[in-house]
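Asker: Sequence:
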Amino acid sequence: MAKFHVSVSLSNGKEIGFDKEAENKQEIFDSVSDLNSWYEHEVGGRTYYFKTNDVVSFTVSDRNSTKK
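Those letters in the sequence shown? Residues 1 to 68, per the UniProt record's numbering, in order.
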């Protein structure tokens, strides 16, 4: 599993950012792109949730650090 940071912009102007573990970025894109469903993710006791059809845009960036 790799760790990614997800940034979501919603149609109501809210911005949500959280870390998520997944096999790859596509897995996250698929889950957020599943239109008209609720997306829920808990981080440190705080739950982020939004209706996926309210998403204006979202980005997924790599959180893995490469050490030499």
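In short, the hints are calculated from the structure, not lab data.
Every residue gets a Cβ at the ideal spot worked out from N, C-alpha and C, and that includes glycine.
It is possible that some hints are incorrect.
As the list claims (entries may be wrong) - Beta-carbon label-pair distances, calculated as ranges:
#1 Leu-10 <-> Asp-30: 17 to 23 Å
#2 Val-56 <-> Met-1: 26 to 32 Å
#3 Asp-62 <-> Asn-12: 23 to 29 Å
#4 Gly-45 <-> Lys-3: 14 to 20 Å
#5 His-5 <-> Thr-52: 16 to 22 Å
#6 Glu-15 <-> Glu-42: 16 to 22 Å
#7 Glu-15 <-> Trp-38: 15 to 21 Å
#8 Met-1 <-> Asn-53: 16 to 22 Å
#9 Asp-19 <-> Ser-57: 26 to 32 Å
#10 Tyr-49 <-> Glu-27: 14 to 20 Å
#11 Ser-7 <-> Trp-38: 15 to 21 Å
#12 Tyr-48 <-> Lys-25: 14 to 20 Å
#13 Trp-38 <-> Gly-17: 17 to 23 Å
#14 Met-1 <-> Asp-54: 17 to 23 Å
To be verified - Okay, derived cross-link-like pairs now, DSS-like style, lysine-lysine, Cα gap no bigger than 25 Å in a straight line:
#15 Lys-51 <-> Lys-20
#16 Lys-3 <-> Lys-25
#17 Lys-14 <-> Lys-51
#18 Lys-25 <-> Lys-14
#19 Lys-25 <-> Lys-51
#20 Lys-51 <-> Lys-3
#21 Lys-14 <-> Lys-3
#22 Lys-3 <-> Lys-20
Asker: Flag every earlier hint the structure violates by its number, smallest first.
Answerer: Structure breaks hints 8, 9, 14.
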